[in-house]
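Spelled out from the first residue to the last, the chains are:
Protein chains: 2
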Amino acid sequence: MTVLVPELVIDQTGVHRDLAIVIDDASGLIDAVMGAAHAPADAIYLRRTALAPGFVNAHSHAFQRDLRGKVERVSKLAPEDSFWTWREAMYAGAGAIDPDRIRDVARRCFSQMRNAGFTAVGEFHYVHHQPDGTPYGNPNVLSEAVCEAAEEVGIRIVLLLTAYERGGFDRPAAEGQRRFCDPSIDVYLERLIALQEWAADRPLVTVGAAPHSVRAVSEGWLTRIAEHCADHDLVLHVHADEQPREIEEALDATGLRPVELIERAGALSAHTTIVHGTWCDEHEIALLAAARASVCACPTTEANLGDGYLPARALLQAGVSVCIGSDSNTIIDPLVEVRELEAIARRSAVRRNVLVREGDDGPTGYVLDAGWSAGARALGLPQPRIETDAPADLIALDLDHEEIAGVADADLAAAIVFAGSSALVTRSWIRGR
Amino acid sequence: MTVLVPELVIDQTGVHRDLAIVIDDASGLIDAVMGAAHAPADAIYLRRTALAPGFVNAHSHAFQRDLRGKVERVSKLAPEDSFWTWREAMYAGAGAIDPDRIRDVARRCFSQMRNAGFTAVGEFHYVHHQPDGTPYGNPNVLSEAVCEAAEEVGIRIVLLLTAYERGGFDRPAAEGQRRFCDPSIDVYLERLIALQEWAADRPLVTVGAAPHSVRAVSEGWLTRIAEHCADHDLVLHVHADEQPREIEEALDATGLRPVELIERAGALSAHTTIVHGTWCDEHEIALLAAARASVCACPTTEANLGDGYLPARALLQAGVSVCIGSDSNTIIDPLVEVRELEAIARRSAVRRNVLVREGDDGPTGYVLDAGWSAGARALGLPQPRIETDAPADLIALDLDHEEIAGVADADLAAAIVFAGSSALVTRSWIRGR
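Chains as they are written, first to last, in our numbering: chain A, 189 to 621; chain B, 189 to 621.
It is worth saying that the hints were derived from the structure and are not from the lab.
Hints are not guaranteed to be accurate.
The list treats identical chains as one, so a pair stands whether inside a single copy or across any two.
[Said to hold, decoys possible] Straight-line distance between alpha carbons at most 25 Å, and here's what the computed SDA-like set of lysine to any residue pairs gives:
| # | residue 1 | residue 2 |
| --- | --- | --- |
| 1 | Lys-258 | Ala-280 |
| 2 | Lys-264 | Asp-254 |
| 3 | Lys-264 | Arg-366 |
| 4 | Lys-264 | Asp-358 |
| 5 | Lys-258 | Leu-444 |
| 6 | Lys-258 | Ala-596 |
| 7 | Lys-264 | Arg-545 |
| 8 | Lys-258 | Arg-366 |
| 9 | Lys-264 | Gly-202 |
| 10 | Lys-264 | Gly-356 |
| 11 | Lys-264 | Ala-388 |
| 12 | Lys-258 | Gln-318 |
| 13 | Lys-258 | Tyr-233 |
| 14 | Lys-264 | Asp-213 |
| 15 | Lys-258 | Tyr-279 |
| 16 | Lys-264 | Gly-364 |
| 17 | Lys-264 | Glu-363 |
Sequences are here, hints too, so could you generate the full structure?
Given below as structure tokens:
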């Protein structure tokens, strides 16, 4: 048993003083939450510290961490830079990956995540094969290397194994995309099953499926993957509605928008997460709500890639669960991501305090839950709570840091969200370690 | 003499290795920049450190730092929260100020600024008198207390003494505004002159004029203040175009938009800075460009207050100098502010690398200059450069910080802008100290 006695506990229920958290070291679960007065003599006192559940990063491409600074100049490829010219630079980065390199960059990336207050990551992993598309001897070697990097760092990972079939509607894979592709849906599902088996006895690793997008995966693949996920109780993540061009292409090819296509393929359920959803229209939001699907917003990446503005207020009003991801990993900071959800909503509505749920007195509860419960739901992980039987995935926040120093308890959660950054995080525990 | 030998120097001209910076301790100026090989034996070697000019924060209301966390809940005053309901909460904070309190909060606020990499601040100071409007025995006591707080912290300050005449067009000051008001323009100008004299022998303090806004100050006051600024070579700062309502009121009362009114009053010149400019239209942007006036964007505050989106691209194309301010001081981080300029431009244009000047290869140079030269220009300070006779206002950045670790020299400035935060800043020197 490890017993932590912080000055404050902050979770979905508010800010609490005088609590002790008892962690069962073997299971990595919280065994009990009790009054600090009952703490044993060997309890660890965390002075001037608030303890909170760790944040969940529902969408990451770890290797993109090493594009930092390389992609912020005008491309020679196109007169107007865009997501699409950025993608060419990203493909060059993907082309340079091998098992050692991906392990190295993933380790550095996940380490920054853990230091920033993320305790779980959904790694949407799409670089699978050798540069010409030939599988490695072990066809999951790159995925396994990423998971092992997470284990080394001690962060919980959901490896979202990406399915990639083609370059676009009626377009084969381009050269830079060959490493991402499997020759058939059966081969992809074999790899997925093999990875599920490999991960079965690894306490920090679980597996999900990730048909890349409606441009990269046909309806037939989507349907087969959705069936597999339903049979194996796996989450399904898919990029959609990040850029207007993707929607135009889907409409041209099929007469449907991306989320409509995903729904027709039978791949929209409570286990589904649409990554981005920046350009979701009203009908797509209604489909998401009806299916109880999630949206993963990646605010800092969407800003960097010039994607547009998430319809955050409409998603809240429709009851769609919205979580966050660090995506391109240019910035890794859960507080910056959740704050930006509300910032976009405020700038767009030209008012304040927009993402307020029924019963809440402000947006703080909603945006924190985007980083906590909505993320865990999207990744199929236990809810991040500070209560008995919840995972002991915790972060320590410095109450003396100048970002929040002197703030009263009643205002502290709001100050952390609106004035704080990952610089507040001094320590973290994952499965109690 | 103090000689600093960092691993790298980053300034407007790029990234340089093997330089030594010689500081004249008496004047606080850079005496020479020479090859590191010529550094004397007692030089201070700053290993794994980049040295850069400090950032200029052109717009701050220091006391608002203590609103953190207090204003992020739905107001009981209005069904729809907005800038205007926030303002009521801010007035309550302003109402509680006295000389000791403002010195205390300013000290904490400026200290965070200095730690975050700002080496100069333009303090737009508008709380002048006792709560009922009666002047203190020394009518500048609150302004002086703010300047003394800056001196204690060791940050350069331009005290922008605010003129406040009325509550709005044809509306007297409301109760919460009485502390801000002077009974006549002559009384205001007397206070301004007294403050100029008080500051004359204080090396870290200079003074500027700040007619609050076209709603709070009449054209007659604007004209008199502009004349005084021209005669005394002072900068003139004025809030304008932050919120649509302010523009509607100006149009209703005068038939002119705020920047048009400022221009008609003779208060738009190369010494003028328009704070915000969020809703500037094409004609106002043309007026700003013709007058060579500056705009001070306050991106994180404008997000928090739900102001809208700065027309950053249009301002660049018109050649208007844009600087940054931390304004409400909820967030204090120069890199976050400058990055957000480009982020807004990208999200709005749905493309990347938008704020690119002729001759630059990307937006990094432009946004860094928003934090450096444009800010200094707006505040009437010497240009922040690492060259002979420039002020030794410098910051040290940690090259091993996980935000930028491993980035090549050629990509480093871009990585600092797009992936960095104030957590990179390990040390600062102002006037060489």
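### Query
Failing hints, ascending?
Violated hints (numbers, rising): 4, 5, 11, 13 and 14; every other hint is consistent with the structure.
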